[in-house]
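Could you slot chain B onto chain A? The hints should help.
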Amino acid sequence: MGNVLTIILQRLALGFLTLLVVSVVIFVAVNLLPGDFAQSILGQGATPESVAAIRRDLGLDQPMVTRYFSWLGGALQGDFGSSFAQASFANFTGSDSGAGSVAQQIAPRFANTMFLAAVSAAIAVPFALVLGVLAALYRNSVFDRATNIFTLSSISSPEFFLAYVLILFLAVLNPILPSVSNIFADMAFSDRLEKTLLPALTLTLVVTAHMMRMTRAAIINLLSSPYIEMARLKGMSPLRVIVRHALPNALAPIINVVAINLAYLITGVVVVEVVFVYPGIGQLFVDSVKFRDIPVVQACCLIFAAAYILLNLTADIMSILSNPRLRHPK
Amino acid sequence: MTQAPDTTPLVKIRDIRIDGRSDETWLPIIKGVNLTLQRGQVLGLIGESGAGKSTLGLAAMGYTRDGVRISGGSVEFDGIDLLTASAAVKRDLLGKRIAYVAQSAAASFNPAHRLIDQHVEAPVQHGIAGRKDSAEDGIALYRKLRLPNPEEIGFRYPHQVSGGQLQRAMTAMAMSCRPDLIIFDEPTTALDVTTQIEVLSAIRDIVAQYNTAAIYITHDLAVVAQMADRIKVLLRGEEIETADTRTMLTAPVQDYTKSLWAVRSFERPAKPAVQTGAVPLVSVRNVDAAYGKEKVLHDVSFDIHAGRTVAVVGESGSGKSTTARCITGLLPPMAGQILFDGAPLPPDYRKRSKDQLRQIQMIYQMADTALNPRMSVGQIIARPVQFYLGLTGKAKRQRVDALLNQIELDPAEYYNRLPSELSGGQKQRIGIARALAAEPRFIICDEVTSALDQLVAEGILRLLARLQDELSLSYMFITHDLATVRAIADEVVVMKDGYVVEQGPKAEMFSPPHHAYTDLLLSSVPEMDPDWLTNLLVERGVDNIGDAAVNEL
Chain A
0 MGNVLTIILQ RLALGFLTLL VVSVVIFVAV NLLPGDFAQS ILGQGATPES
50 VAAIRRDLGL DQPMVTRYFS WLGGALQGDF GSSFAQASFA NFTGSDSGAG
100 SVAQQIAPRF ANTMFLAAVS AAIAVPFALV LGVLAALYRN SVFDRATNIF
150 TLSSISSPEF FLAYVLILFL AVLNPILPSV SNIFADMAFS DRLEKTLLPA
200 LTLTLVVTAH MMRMTRAAII NLLSSPYIEM ARLKGMSPLR VIVRHALPNA
250 LAPIINVVAI NLAYLITGVV VVEVVFVYPG IGQLFVDSVK FRDIPVVQAC
300 CLIFAAAYIL LNLTADIMSI LSNPRLRHPK
Chain B
0 MTQAPDTTPL VKIRDIRIDG RSDETWLPII KGVNLTLQRG QVLGLIGESG
50 AGKSTLGLAA MGYTRDGVRI SGGSVEFDGI DLLTASAAVK RDLLGKRIAY
100 VAQSAAASFN PAHRLIDQHV EAPVQHGIAG RKDSAEDGIA LYRKLRLPNP
150 EEIGFRYPHQ VSGGQLQRAM TAMAMSCRPD LIIFDEPTTA LDVTTQIEVL
200 SAIRDIVAQY NTAAIYITHD LAVVAQMADR IKVLLRGEEI ETADTRTMLT
250 APVQDYTKSL WAVRSFERPA KPAVQTGAVP LVSVRNVDAA YGKEKVLHDV
300 SFDIHAGRTV AVVGESGSGK STTARCITGL LPPMAGQILF DGAPLPPDYR
350 KRSKDQLRQI QMIYQMADTA LNPRMSVGQI IARPVQFYLG LTGKAKRQRV
400 DALLNQIELD PAEYYNRLPS ELSGGQKQRI GIARALAAEP RFIICDEVTS
450 ALDQLVAEGI LRLLARLQDE LSLSYMFITH DLATVRAIAD EVVVMKDGYV
500 VEQGPKAEMF SPPHHAYTDL LLSSVPEMDP DWLTNLLVER GVDNIGDAAV
550 NEL
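These protein sequence lines map, in sequence, to chains A and B.
Note that numbering that gives the first Met the number 0 numbers the first sequence so that position 146 is 145, with each residue one more than the last.
Note that numbering that gives the first Met the number 0 numbers the second sequence so that position 270 is 269, with each residue one more than the last.
Check before you lean on any hint, since a few could be wrong.
Claimed, not checked - So, partial list: chain B residues that the calculated Cβ filter (under 8 Å) puts toward chain A:
| no. | residue |
| --- | --- |
| 1 | 27 |
| 2 | 101 |
| 3 | 106 |
| 4 | 107 |
| 5 | 109 |
| 6 | 110 |
What the hints assert, rightly or not - Take a look, some chain B residues computed to stay more than 10 Å from chain A by CB distance:
| no. | residue |
| --- | --- |
| 7 | 14 |
| 8 | 19 |
| 9 | 320 |
| 10 | 348 |
| 11 | 405 |
| 12 | 526 |
Unchecked claim - Here are some chain A residues the structure puts well away from chain B; computed CB gaps all over 12 Å:
| no. | residue |
| --- | --- |
| 13 | 13 |
| 14 | 21 |
| 15 | 157 |
| 16 | 170 |
| 17 | 269 |
| 18 | 304 |
| 19 | 328 |
What the hints contain is simulated information worked out from the structure, not anything from laboratory work.
Virtual Cβ for every residue (Gly too), placed ideally from N, Cα, C.
Isolated chain A, as found in the complex (with noise of 0.2 Å):
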């Protein structure tokens, strides 16, 4: 066991370096971005003098380097600093009520994103490992065809097509869940979880024919080895040699695309998200953009890296764990 546990530090530390590296990638990217957020606040009436006075305020006429460590210093601690926008607005009302942070804008974002995401999970990952292992099973078959043609159209087809798709047939033919998913605070966790549905579906048909397709694949691939024709000798019926036979042996790279397609539920959902009017964290992260908000833009892009590195370590840790030869060393 003493084994698996240094690979699994070495693995997190191998992790947080690279969401450092990510870190300068972003700061930099970012700032590279033309135009800045003095600019393009003050419009029409920008004068040389009060560009620079907002900019002093802001730190933005500090070095490059300055600026990096003091707000890779604050993410640590988790304070992302002020988001410009709300900073300027603070400025104008004089509150300083500290609404402004950049923490306190994104976490209801990032819960609403995060419940999406849960929710779509919920419903693709066993749908997806399901159809793969029945695919599978009956190979070559009817069956088998048209679950790939479906799954692969589905992925094929913009997001949007299917938002609208499913919005035609489940909320504006036949009315059973609403078009527009404008959750809040307070809601309860069932009504929530209704205006979350249709979006999560949405998500499900993108995200199924890659996990499900690599669940078929990886089965498939065992099905000559010489253990499964073992199983079959000893009269074990198909389903079982597919699901205690082969299917164990198949984890590591499953485990592998259903991390990718986690990590693509939080990151790659502004689509969806602008259909239904969903507000997750991919939205506030679009409209930021157009704002030069960089604060928040970094804290995104920050957390998306986060949760692209965190999810693959996870699918590596665990895909480890699935080899018996690591779990229990001779």
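What follows is chain B alone, placed relative to chain A:
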């Protein structure tokens, strides 16, 4: 064994025809074979690779692999027609009344589950016994099969158990439902000799004890002589002859069977002793080597003289191939030296001159993987000709043709062939030609005959012997097969766990007194005598064979 004799056969296969698909056409694998097996009887199926032994064995279970079909004939098990039976009916028989023991237990146990979980699967799923009862029965079977720690071994995963133990655990698993028939498909082929003997005696005991009928598939005649009541010889999908074991061994009728029996007679005459004071061609001096931190060679020393063959013998993991890697420079030793013609070679092959590299060539065990499948025979052999000797154009072609003639393949026919268009023996000959192309003085042969059938292997050994005489080559012959050693070696080096335990001229090695390990190795090689195993067990005692005996050393 006290049952009233039952005259209806347990398995009745009539005129079975089996095809295998290759490039969209069906080619026959089994061409109309009959097979009858009575209850409690053990039938040995022998033949070379490609004879269709495994295919026939699986067909007796009503099973075919992907890309294989049964195109005619009938298979009856205890009156049930397996070819027309539904999948559900067959599933009910498989594992419960017919069981299978595969060649490689390491590959045939599911790596994701503990042994005992796999053991109880058949009884539980077939509704014969509960989990607990059948697990207890499993432990009892492990004990009967003389597995160490029978109480505990089942709770391990396959990778935590050695090959010989796994093979016995698999036999126990086959026994879990007390089947009427077990198909043993080369169950000891992948094992070392000292381990093989343990598995053989365990299988033989348990089959006799439960009066189980068995089909025992192997290419090893001496093994089948110990195990079977009757022997059926197959050649290219057809039956050559069937007779009971003793008759078959003493009085084979067909020429092919006689030729199989005759293989073991090849032996080179002994060469005169090496002159004292002669400089050995290759000298391995006090070599230590390690993979990473794990030390695998300890103070290995031996000499190979010009024009002679040194056989390096030992079981898997004994360090034979590692020694070869040290000599070739692929694995620079931690300590010690390799001398060539009295001068030390740089430890790392990258530091050796082209001429030093040219002098030492290798021939590999798996000719299949050692030849580039995309290159023609001509290209494969021409490459070292050009690289080491700098020949091009016509001269290169002439040299390649000469080499092909040397290995007894017609250049006109084989020059443009791809490796996939050659038989196993021909591929190995190409490997030899490629080594010769460098015009070396020393060739390392790493298990070059162990993937080949006996007749083909003998041809390769004769070729190597002839080449040695003509070109005064020296060979280091790595092998675990003592029959090969007897046939070709001048000197023998016995290795165990990275140490040289004994070395000397062949004649001395094969006559007592031996080092205890050499003795164990020699006595573990099955002989044609059907009473060999029985006598050996009486002589040594069941506790003094295989792993147990090795551990005592």
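Verify the interface restraint on residue 106 of chain B: the C-beta must sit less than 8 Å from at least one C-beta of chain A. Cβ of residue 106 of chain B sits 4 Å from chain A, so the hint holds.
Would residue 21 of chain A pass as off the interface with chain B, using Cβ distances and a cut of 12 Å? 33 Å, holds
With a cut-off of 8 Å on the beta carbons, see whether residue 107 of chain B makes it to chain A. 4 Å, holds
Once the shortest beta carbon distance from residue 27 of chain B to chain A is found, is it less than 8 Å? 22 Å, violated
Nearest-CB test (10 Å) between chain A and residue 526 of chain B: Holds, because the least Cβ-Cβ distance between residue 526 of chain B and chain A comes to about 30 Å, which exceeds 10 Å.
Confirm or reject: residue 304 of chain A is not an interface residue toward chain B, with every Cβ-Cβ distance exceeding 12 Å. Holds, since 34 Å exceeds 12 Å.
Agreement of hint residue 109 of chain B with chain A interface, Cβ distance less than 8 Å: Given a least distance of 4 Å, the restraint on residue 109 of chain B holds.
Minimum Cβ separation between residue 269 of chain A and chain B greater than 12 Å? 40 Å, holds
Consistency of the no-contact label for residue 14 of chain B, given chain A and a CB cut of 10 Å: 24 Å, holds
Minimum C-beta separation from residue 348 of chain B to chain A exceeding 10 Å: can you confirm that? 32 Å, holds
Against chain A, does residue 320 of chain B keep a CB gap of more than 10 Å to every residue? Given that every Cβ of chain A is farther than 10 Å from that of residue 320 of chain B, nearest at about 21 Å, it holds.
Say whether it holds or is violated: residue 170 of chain A keeps its Cβ farther than 12 Å from all Cβ of chain B. Holds, since 45 Å exceeds 12 Å.
Hint check: violations occur at hints 1 and 19; the rest are consistent with the structure.
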